[in-house]
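4 protein chains.
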Amino acid sequence: MISHSVVRALRSSVRCWRHRAVLRAALEASDVGSWRWYSTPVRGGFPGMEEVLARVVAPLPSYETRDKSPPPPESNSLEFMHFYRSLDREDKLSLLSKLSQDFGVDHKTVSELAVKLLDTQLRDQATVLQVEDRLRYNLTPRYKQLLSHISRVEGGVKFLVDLRADLLEIISSKASESAHIRDLNGTLKGLLSEWFSVGLLRLERITWQSPCEILQKISQYEAVHPVRNWTDLKRRVGPYRRCYAFTHAAMPGEPLVVLHVALTEDISNNIQSIVREFATLDSEEDVNKINSAIFYSISSTQAGLQGVELGNYLIKRVVRELQSEFPHMAQFSSLSPIPGFSSWLQGLLSQYRKEGRGSDLLSEQEWKEVEQATDSTPGSPAVDSLRKLIATSEWTRSERLSAVLEPVLMRLCAWYLYGEKRRGFALNPVANFHLQNGATMWRLNWHADTSPRGVANSCGIMVNYRYFLNETSKNSALYLQNKVITASEQVLGLVSQYQKNSKL
Amino acid sequence: MISHSVVRALRSSVRCWRHRAVLRAALEASDVGSWRWYSTPVRGGFPGMEEVLARVVAPLPSYETRDKSPPPPESNSLEFMHFYRSLDREDKLSLLSKLSQDFGVDHKTVSELAVKLLDTQLRDQATVLQVEDRLRYNLTPRYKQLLSHISRVEGGVKFLVDLRADLLEIISSKASESAHIRDLNGTLKGLLSEWFSVGLLRLERITWQSPCEILQKISQYEAVHPVRNWTDLKRRVGPYRRCYAFTHAAMPGEPLVVLHVALTEDISNNIQSIVREFATLDSEEDVNKINSAIFYSISSTQAGLQGVELGNYLIKRVVRELQSEFPHMAQFSSLSPIPGFSSWLQGLLSQYRKEGRGSDLLSEQEWKEVEQATDSTPGSPAVDSLRKLIATSEWTRSERLSAVLEPVLMRLCAWYLYGEKRRGFALNPVANFHLQNGATMWRLNWHADTSPRGVANSCGIMVNYRYFLNETSKNSALYLQNKVITASEQVLGLVSQYQKNSKL
Amino acid sequence: MISHSVVRALRSSVRCWRHRAVLRAALEASDVGSWRWYSTPVRGGFPGMEEVLARVVAPLPSYETRDKSPPPPESNSLEFMHFYRSLDREDKLSLLSKLSQDFGVDHKTVSELAVKLLDTQLRDQATVLQVEDRLRYNLTPRYKQLLSHISRVEGGVKFLVDLRADLLEIISSKASESAHIRDLNGTLKGLLSEWFSVGLLRLERITWQSPCEILQKISQYEAVHPVRNWTDLKRRVGPYRRCYAFTHAAMPGEPLVVLHVALTEDISNNIQSIVREFATLDSEEDVNKINSAIFYSISSTQAGLQGVELGNYLIKRVVRELQSEFPHMAQFSSLSPIPGFSSWLQGLLSQYRKEGRGSDLLSEQEWKEVEQATDSTPGSPAVDSLRKLIATSEWTRSERLSAVLEPVLMRLCAWYLYGEKRRGFALNPVANFHLQNGATMWRLNWHADTSPRGVANSCGIMVNYRYFLNETSKNSALYLQNKVITASEQVLGLVSQYQKNSKL
Amino acid sequence: MISHSVVRALRSSVRCWRHRAVLRAALEASDVGSWRWYSTPVRGGFPGMEEVLARVVAPLPSYETRDKSPPPPESNSLEFMHFYRSLDREDKLSLLSKLSQDFGVDHKTVSELAVKLLDTQLRDQATVLQVEDRLRYNLTPRYKQLLSHISRVEGGVKFLVDLRADLLEIISSKASESAHIRDLNGTLKGLLSEWFSVGLLRLERITWQSPCEILQKISQYEAVHPVRNWTDLKRRVGPYRRCYAFTHAAMPGEPLVVLHVALTEDISNNIQSIVREFATLDSEEDVNKINSAIFYSISSTQAGLQGVELGNYLIKRVVRELQSEFPHMAQFSSLSPIPGFSSWLQGLLSQYRKEGRGSDLLSEQEWKEVEQATDSTPGSPAVDSLRKLIATSEWTRSERLSAVLEPVLMRLCAWYLYGEKRRGFALNPVANFHLQNGATMWRLNWHADTSPRGVANSCGIMVNYRYFLNETSKNSALYLQNKVITASEQVLGLVSQYQKNSKL
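Protein chains in written order, with UniProt numbering: chain E, 1 to 504; chain G, 1 to 504; chain D, 1 to 504; chain S, 1 to 504.
Take the hints with a grain of salt, since some may be wrong.
Taking lysine-lysine and the DSSO-like style, the derived pairs with C-alpha atoms no more than 27 Å apart in a straight line are [stated by the list, open to error]:
#1 G:K234 - G:K217
#2 E:K144 - G:K68
#3 D:K144 - S:K189
#4 D:K158 - S:K316
#5 E:K421 - E:K354
Just a few of them, taken from the derived set where beta-carbon distance is under 10 Å, the chain E residues facing chain S [unchecked claim]:
#6 W208
#7 Q209
#8 S210
#9 P211
#10 C212
#11 I214
#12 L215
#13 K234
#14 V237
#15 G253
Just so you have them, the derived chain D footprint on chain G, three or more residues with Cβ under 8 Å [unchecked claim]:
#16 200 to 210
#17 213 to 225
To be clear, the hints were calculated from the coordinates, so they are not data collected in a lab. A virtual CB, placed ideally from N, CA and C, is assigned to each residue, including glycine.
With the sequences and hints as input, model every part of the structure.
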């Protein structure tokens, strides 16, 4: 039956495979030797590497005995961990390449099962399901068992998280183009996703009473608005602030993703008022002044958990936590940086300059004002002045120039966030994160991050992604499935100003 | 009700579907694309069942968008859990059948990928790996996602453990012969194995200071030597005793597998001295009297975790724990019941009686002594007397008879444990468990469990499976791979006596 | 100056002490020998008792070196504890008598300081204060130091609590009339009061998750409404119930005073509905049904802490706790037993019978009804019938009799609670406790405790002492200082009915 | 301001109250009953101060009703705490003066009871005891109750500890000569001693996993060897180090006394090797390298607990803790600073210079060498050079000079520690502390603290006070009772060298 459909499928779509005989012949021809390219010599490698791997990576038990096999001794896992840690970067690459190539899927068995699955004689449902199950089993790379066993020894999960960080670095640095390495990465990601499933995570509120070890890590991991000292840190876990982290039983004392929240009256439009103002350090919270929760920083701490969704779940859990603490709280919003806006803008200006356009970006009136405000030397086009001003953050020193540039930069920034895409999704990663979570692109804020870093990165602009709790599911689906961004009137207004100017 | 219809359906499938040809014809007539036979009418089912499933089981995203799909709203999981819990036994079966059939693997896609995999044109490694990865992905049943998502909501993991218990009961009670149900069971077991991986389990020592909730459960779950009252329970967690359990972050307050240990001078040969003697209730442990750790009870508490190896790991962890508490402790052994020995013996006697043999089991002298001791009425053969004696436990009242039977029962029991096999492994499940763990079948103990239950189950005999820590790995592998049982001289001696008598 | 006033005081009130010379002479006459009566032979005592005491009870350092003295070695305390525990009841009495007599205050020094204090030459304030301080210091019994030191070793505080329980038993059983024993008791009570000061107590909520050890104790200590089994216990810490205890750092795992609370819609008028109804065992609390907190049992667990106020503070703390959990909760009340009412009533009837009155207690009509309902044999006066009925609880079997007796017993009971006094305070100890705390005697409830015990003790009547939080301070002061009982109209109405009948 | 008035008052009391006669006359004129001199105008005081005190300090109940008095409302305590905290330093003094004077002991009653006690008619034991008990009761200052009640409200104990710190400062700064203030101080100390009795303290080991709040305090409180940064702090709670603190249930999160221990092979002779060496920061402890526990810093954190013995008990508890962790550990010793040695030496040199002696301190040979090494200008005596060298720490720059001075400074230092006394006890407070605890003055170490501070304070010398556990009790008693210092041969040798030189 199945094979019937398959055969029809073959006929219609694969065209050349007309006869089962042919199929079988082809398969028989592919003897083991033909898969020899899998052992393409990777590199000489560390002496003894092969021996270690041969010893510690147990063969995949046969399908029949899969539940009857004793687990390999723990010493295997410990030996591998010890060995791996002793290697330098290059040898690590070499080891991972070997592991992924020589201890992966047994392709021959898989092919045989594929043939079996396509057998037109296969007529009963139970057999189909069983062959599929065998296929599924045999698509398991041999090294997957090693990874599973490592997870069971003390410190094993953390080891694997770090090993995946190595893999990701190898892949992104193009140190290896190996498809096997990507497979290994995929397998490991799959395992980590199960182990770091939300049901297994613990939400912890971090306070000044939390262990020093954790607070030190919170401080180190804070990437968005660096913590300057311990007083600063104390502030971020003190009154009118909340700091939450997900931790995992297998990685004690290690926050996995950290969310900083400010409790405010209104939705904040300025980050310095949150991270610099220490007036409230010893004050008691006045619950009547708390109407809004501002997520002003979210940091993942484990490179090796990339792609394992945690931040999204953390925000949801924290919202629930805050609602139970402050039943009347109604406003949830991020106050987010806009990394990449300035460099995008620089690129835009360069391009316009090259293409001799540029006039589109600003209105004539605006160009004039820029010229006047900058005393552009005759001959030097205003666009160059503008580029330089932005590159140096000089414009912030002149109130007049600031006033001129505010509408320009705001509409450009709105476009950058709303209109610039990568594979259809928002180019800006922070925007993409919050939009996936179902947030609304709610408000761009001028003079929101006046730190040198803030001015350099995004001309001091920050953005609120607001979480309307009733709409996040709908927004998330709209965005992920239809690539539709939900945005407020302010943002849409700025976008349309941009479009008008740019004649888009 | 439901089962009625199911049984009817089964009957018709068994009786009437005799002609595969007919079936095949019918199937071929159907449009391949529709795969209609998967929706073989299971039963009308609970009104709304289909709607609920259609709503809560999201389709599998395409391979390309698999990382781009928003998780379904939590309400899906909650709705399913709520709905499932509201069903009676029969409707549950109906629901699980539907779920496993209609929301499983998309066989058509799988077949197409199998064809693709076999394409001889496929010659580059990266493409092969990618097709394999697609295949692996598409072999994921659609319902697997639902299960994953359920695990993330509060109480979800416990729900799934209980749901698997239902599945196992369905399978073992033959309520359904469905291969899909078995597939669902396999998928769920795979997930549970990841979530209950040892790295995620927490070892807890249970004491009288532990929460009442846990102690009550420990008491209820104790299956081997039932706890009679709270004093009894207090004793089992008091001095000269240890009680350990694995717990899991996602099922707080729920011991998963419980191990009771007695700390003794010598390896115990009697269970009453452990569970009945209360002299030590308030005494302080004298470390000099502690040389041995006797595992006298191990209980799994979650039917739904069958096949997820926990007990084995628990024993290993506890050994390590005890070694760190008592560095000089050298003897580790179980004191185990032998469930099934008496009924096996009854069967044996029946068969011998039927076959008119029987004389082989006991020597002539022994038969004579039995006759004398029982005053067997002439004509009634001694074998009948023996059967009756054992069935009624009467023999224990006569010292003389006891003395006569001791060597007989001991060698029969040794054979039962050592020689009786199922698929090559020890028939007795307790033996099988400890032998898999690498223990040695060390000593049979006469008069070891003199409780009515102990006499009825195993003629009062118990057995020590001893853990020689240096040899457990080797023993475990020998047993699992070569089906070799490691046993002591005492056991082997008894076995050979049996063989001599039985002319084996 | 001081002596001036003293001298005036002497003149006016002591009369005979006219001259300091006389005073001094008197004192000089009282040489050490004259205090010989302090060593009145107590009893032969345990051999070695004197030696032990002499060894472990260090002498009081001189006032000057009081801060320069090393603490005695811990072994002293341990020896005393060990020794004391090894004694039987009689030897304990002997030891405590010796300890309190021979190691008490040095009366001679005290007298000398009293003389010094009265010295008319004492003219400056600092000297007066210093002499007073010396006097205060020398009024410290020598054994106080031993008690202090015992409190510092492990288990020492619990030892002292138990030792005080022994003292109280000695005193109440009149085993010793010794004033020294009473002094020792007073000293120990003073110390315990400091150590069990509320600031050092910890409020713990007891739930089914609390350690088994504590729950077992809670069960054992429950004196008011005995716990029948573990299901009953589980109920008392389950939904719609709260159980709180004070614990102390120096006595871990030992609840000191336990308060059971039922959360109800209305103020309960029946105890069985609280301790017998298990419907809610697994239900979830519906916060909308919780308007009242009913304190239905409060038990002190440590006899040795008699007179150290804990229960009062526990109620106050629990009220605060409940208010923070249920901000809208407005009704706080006890549902209290009335121990002693039945026996008081029996006494009353006997007396009336003897004095030939009795007619006052019931109205003529009531007497008639009693006679009719009981078919009193002619000649046997109704009062005898009534006594017998109450002694046997027989009256509860007759509805008619119950109806007749309800108004009678209610008004008698109201009087018992409100009108019967001991040294001006309520005779009934439960009433006295709640009135001291500032509660209002709020409502007598007929058919409130229908258990045999309840009927036997108080004819099934229970009473609510209600805590109107704004008024408890005022009520408490009124009661304690002016012996005024605050009561509701219901209670006052019943009282006045009683008074009318009794012609009081 | 206030102090101004106080100083004025003091002045007048010193200058003008010359004539006691006058005073006495004035006093005699006043009605004895009124005891008006207690209200010697302290100062006008904060408006409302009297009212507040009158309101919150309840009168002492009569002896008869002492157990019948309701505790004052908690609001009294809170009002007092709030009021006190709102005052500035001067008003605090004023308040405490008023409190201690006007709300102290009722001297009149005390006098009357003293008279009663001396009544020769009093001949029975029970009456004597009762009068003594009344006397004791009436010697309780009225404010003691207030203090007791404050201890019961949240934060009350900490408030009283801080209040006592204020009292101690007032007394030591001579801001008040009032005997009443000293009495108040004594009363409060007595209460604190009970509440901070060792049985109520909890030993906590501080690690990097301890709450940040505590670690920050540990860092701030470290007075002996200041913590420079968080890495330094991490080191002090890391491998080969232990940090213990006593905490108290009523002051959560507040370490009361902190002991830092280094785990070493030999008894350390140098502090920099302990507090500066970071090699071991991430290493694992090798238990075989741990033979000694060096107490290198002990700090009390609460000024208000002065005189309440904690440090002594902490050392004892820590020794027990370490013995249980390292059963074979045999060497326990401090490595202690010698504050005051340099200034004592300067004083000594000045005096010798003045008295023209000086030659005794050093031998002729030594003087010569000092002269040579310093190129003393002719005419300037070597003693001046030496004083200057030591004052400036200049001598450490010259190896030659160091070599010359080593024997000199070592024997002077030994004498300073061993021979210099205050009221018969060691003048040096650190020495006094350890000798009271029963330690042996074991070894002076040259070049032991080469920090500028160490050189300035004690010429870089440190000393080990060694705890021979079998002898500490004996040593402690010898020291405290007989003022005998137990010292090693090294120390005694240095002392005798000093004596020989000094012709003592």
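How the hints compare with the structure:
{"no.": "1", "hint": "G:K234 - G:K217", "in the structure": "holds (13 Å)"}
{"no.": "2", "hint": "E:K144 - G:K68", "in the structure": "holds (25 Å)"}
{"no.": "3", "hint": "D:K144 - S:K189", "in the structure": "holds (17 Å)"}
{"no.": "4", "hint": "D:K158 - S:K316", "in the structure": "holds (22 Å)"}
{"no.": "5", "hint": "E:K421 - E:K354", "in the structure": "holds (23 Å)"}
{"no.": "6", "hint": "W208", "in the structure": "holds (5 Å)"}
{"no.": "7", "hint": "Q209", "in the structure": "holds (4 Å)"}
{"no.": "8", "hint": "S210", "in the structure": "holds (6 Å)"}
{"no.": "9", "hint": "P211", "in the structure": "holds (4 Å)"}
{"no.": "10", "hint": "C212", "in the structure": "holds (5 Å)"}
{"no.": "11", "hint": "I214", "in the structure": "holds (8 Å)"}
{"no.": "12", "hint": "L215", "in the structure": "holds (5 Å)"}
{"no.": "13", "hint": "K234", "in the structure": "holds (8 Å)"}
{"no.": "14", "hint": "V237", "in the structure": "holds (8 Å)"}
{"no.": "15", "hint": "G253", "in the structure": "holds (7 Å)"}
{"no.": "16", "hint": "200 to 210", "in the structure": "holds (count 3)"}
{"no.": "17", "hint": "213 to 225", "in the structure": "holds (count 3)"}
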